[in-house]
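Chains as they are written, first to last, in the numbering used here: chain P, 1 to 95; chain G, 1 to 492; chain L, 1 to 491.
Honestly, the hints are just simulated from the structure, not real lab data. Any given hint could be a false lead.
Calculated cross-link-like contacts (lysine to any residue; reagent style SDA-like; alpha-carbon spacing at most 25 angstroms) [what the hints assert, rightly or not]:
id: 1; chain 1: P; residue 1: 13; chain 2: L; residue 2: 105
id: 2; chain 1: L; residue 1: 110; chain 2: P; residue 2: 58
id: 3; chain 1: G; residue 1: 238; chain 2: P; residue 2: 13
id: 4; chain 1: L; residue 1: 8; chain 2: L; residue 2: 149
id: 5; chain 1: P; residue 1: 5; chain 2: G; residue 2: 359
Between beta-carbon pairs, the in silico distance windows are [what the hints assert, rightly or not]:
id: 6; chain 1: L; residue 1: 218; chain 2: G; residue 2: 237; range: 23 to 31 angstroms
id: 7; chain 1: G; residue 1: 389; chain 2: P; residue 2: 71; range: 57 to 65 angstroms
id: 8; chain 1: P; residue 1: 49; chain 2: L; residue 2: 281; range: 49 to 57 angstroms
Ideal Cβ positions, reconstructed from N, Cα and C, are used throughout, including at glycine.
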Amino acid sequence: MSVDKDTVRRIAKLARLAVPEENLAPMADALNGIFNWVEMLGEVNVEGVPAMTSVIAQKLKWRPDAVTDGGNADALMANAPEHEGTFFVVPKVVE
Amino acid sequence: MSTAFTLAKARDALKARKISSKELTQSFIAAVEQGRPLNAFVTETPEKALAMAAASDARLAKGEGGALEGLPLAIKDLFCTKGVRTTAGSRILGNFVPPYESTVTQNLWNAGAVMLGKTNMDEFAMGSSNETSAHGPVFNPWRAKNSNANLVPGGSSGGSSCAVAADLCLAATGTDTGGSIRQPAAVTGTVGLKPTYGRCSRWGIVAFASSLDQAGPMTKTVRDAAILLGSMASVDAKDSTSMDVPVPDYEKLLEGGIKGLKVGIPKEYRMDGAPPEIAALWDKGADWLKAQGAEIVEVSLPHTKYALPTYYIVAPAECSSNLARYDGVRFGHRAKSARDITDLYEKSRAEGFGAEVQRRILIGTYVLSAGYYDAYYARAQKLRTLIARDFTEAYRKCDVLLTPATPGPAFAVGDKSDDPVAMYLNDVFTVTVNLAGLPGLAVPAGLTETGLPLGLQLIGKAFDEATVLRAGLAIEQAAGFAHKPANWWRAA
Amino acid sequence: MNAPVPNKFIKGQTGEWEIVIGLEVHAQVLSKSKLFSGASTEFGAEPNAQVSFVDAGMPGMLPVINEKCVEQAVRTGLGLKAKINLSSIFDRKNYFYPDLPQGYQISQYKNPIVGEGEVFIDLKDGSSVRVGIERLHLEQDAGKSLHDQNPDSSYVDLNRSGIALMEIVTRPDMRSSEEAAAFLKKLRAIVRYLGTCDGNMDEGSMRADVNVSVRKPGAPLGTRCEIKNVNSMRFVALAVEYEARRQVEIIEGGGAIKQETRLFDSKLNETRSMRSKEEAHDYRYFPDPDLLPLELDVAWVAAIEKTLPELPDEKRARFVAAGLSPYDASVLTAERELADYYEDLAKGVDAKAAANWLNNEVLGRLNRDGLSIADVPVSAAANNAIVAMIAEGAISGKIAKDLLDIVWNEGGDPRALVESRGLRQVTDTGAIDAAIEAVIAANPAKVEEVKAKPKLAAWFVGQVMKQTGGKANPVAVNAALKKRLNLPEEG
Ligand SMILES: [Mg+2]
Ligand SMILES: [Zn+2]
């Protein structure tokens, strides 16, 4: 599998990263270098091997249904690049 | 006052009231200032440190105090610290000031520790040399014989390894996703322990790869690692992957020696082309343990060579998702004059993330994307199962494994930054441990011919940090590693 | 999949078309706190007042699952007669949107908590249709973006962010707008019976994504369009109608249906393409590494099953067995409150009489006043007393209605009121005979008419009732009158 400029453009869009046109080809090269190296995984027979979902031998912990958090709107706004009252503000989103 | 204390010695001196936390803390504040050329700290918190020291002295005066009362520590900038800027080594967090304290650091403050500041690191813990930090590289306090070339302190916890090696703090916290505690410890002549996954809470630590990340101590001695881990570790209801296992007294469990301990030597760790110094040190380590009554057995971890490529699928995949929240909306860097919301995302993230982080986000996005998931991510998670099974098999024959910690000593700043795969190979001995969720300890064991530190690694069974530490203590005692870097930075 | 039913086809220029509908319903789990955080789920709070650092996707924050939400999902699954999966997995669904603070939604993709189940819907013509449930999974709700506060900006409120939703996905088993609306109504009844969702569609507690396609009867499935977030049963029906017509017109005009996401505009009664969702989706699902697989205990599931209430279908069957018509039974079991009210009202009296009384008198008055069963001013016990008194012959049907009006407006105990206001039915023959004599004396001409045309006796009965203030027992009046005027038995 080889990554080309269009692939980099597509995944950069999915990842919401602006990659300038002139960087697409070098990025494709860098990714190909890594993917060529990773190709070696193809030689392992993984048939019947379960994919790991967790290294932990433990059941998922549950918490009781109680209101223990929230009421922090001001603390939430403290690091916001832009806010209006206790709303976060972003450029107009068109639906 | 000198800052060349171990954590244990300083603790005992404080308890005996031979020194005060205030004096100790002032000395470290001065050392941190003098150490600025090393670029180990990104945020210094001297006032906070002095206030915490004063409170500790008051408690000590009343005969009270926790396990770390009055002891000045450095905190990797990946731990969220309430009211203190936390950057994860990235521009994208801007001047993020967390309104909350990570569980691990809260545990430390509850035990009475004093915070000196936040240490430099590779951006989002992605790197093995601390060169990807938005705050610039950290320099290793160690230099090769007859050389003024600046070397890397390892990464990603390079600021912490540097600060411990240069006596800028008594000990530091680190995090380890593929070797980020052990590898920098090894190349700075310090001790680094990555605990079992689930031993330290991840709550409040900026996530890189959630299934691999684990916090741990970076110290001057094995005893110090045992002490610090005892306070960092906890069972945390706020972290679903925190394991419900009580925290033992690791320092106490150091006693007893290693007579009868079965030490496995995984044959696959003899890598072609590795420097002969590494192999020689490894053999020496085995001899040291044998001399103290351990039994050496050869074991096999057949999937070892697949660990790094597996890691470079799993970790970027998780990172691509974990780093999606850095979007310029609720905190952190926001690009100016964005045309619309998509433009805002794309520009903010392109401006905020450095090259290595962007590369990993793209790798992760690719391996999870439609049509590639099975070939990459699903296959890598199956390999993880095989890698973990290798360890289970090996532990039928032994109690602990001995391996080199790194493929070589610290290298020069800039040496490997152009070749990602060459850089990734620094973690070749450490990364398997993260994939299997096991504890691993790097202990300084000797110097290269050029006078640079090298470490050995001990790998244990899940939640058996005690055995790892006891074996580490045996190596430490046999190696008698008492070397210190020349103090060149004070003059700089 | 259900067989084609010709009377549900719609007509196009080229013949008949069958509509195929599947629903994805998002039902908000009834719980105090969110799925993965301790913030409140209460509706209507100040912006961002019910947001934890977890819900805001702050660095280093981690999810911990709410046991109540797991229980509610299992309870709903059991109510849908569905398979409960003892091991399920939470995945991340990755996409960027301002009201999605983590950059991913925690959902369940390949391994949902609930597998296949079924719901039976009751149609107006008395028929019943089976709708297959494909799955039910737990997931986080997103926040809300407000677009009309400012000309250049959108405002983001994360109060909803992280609230637990059950996404319930049906098979494409519905064939008309009526069926789609009936399914939603039935599902709403089930979750409300179970207490797992309040079903409040105005507050967004239940929203449906409606998948619509059309085909020639018997042909393979056509290309579908998904109409997002339709928030009332009426709109679901209208959206299906519009969308099916639109698709038929396109196909008959030689065009092809483009698979896309559309929205329903309730002002214009039409569906419209959502351009913002046009971009090709690649959600890059993978298991959330912050969570472990969700494991359920067989005994724990069984214990929940034991606490399940009687559900609408079972209740309906029991009502029919007690003598109600299937239609009445459906109406009375549609809402749990109504069914409970009915059962209290029907205690010890005739089931059918109680149902008629509830339908005609109680619901009629509620309708007139624009009230729901929750606001009814007369208790079920009081109505039960009234219906019982009719059966006992203590009051007439006419008096019963007046009595209900009194209790409705003034309150009071019906039995006491009957005594204090002298409403008791007169069965004393002396009094009835006296009244008959008075009416005969006043209307001699009519007497002759009745004798010629016995059917006019009803007029006399009415006059006698009037004379007694409605309190006379009409049966007794009828008998006495026939005797007095020598009318034949079958009059
Ligand atoms: Mg949907
Ligand atoms: Zn959904």
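Right, here's what the structure says about each hint:
no., hint, result
1, P:13 / L:105, "19 angstroms, holds"
2, L:110 / P:58, "21 angstroms, holds"
3, G:238 / P:13, "34 angstroms, violated"
4, L:8 / L:149, "44 angstroms, violated"
5, P:5 / G:359, "14 angstroms, holds"
6, L:218 / G:237: 23 to 31 angstroms, "57 angstroms, violated"
7, G:389 / P:71: 57 to 65 angstroms, "47 angstroms, violated"
8, P:49 / L:281: 49 to 57 angstroms, "30 angstroms, violated"
Hints 3, 4, 6, 7, 8 from the earlier list are contradicted by this structure; the remaining hints agree with it.
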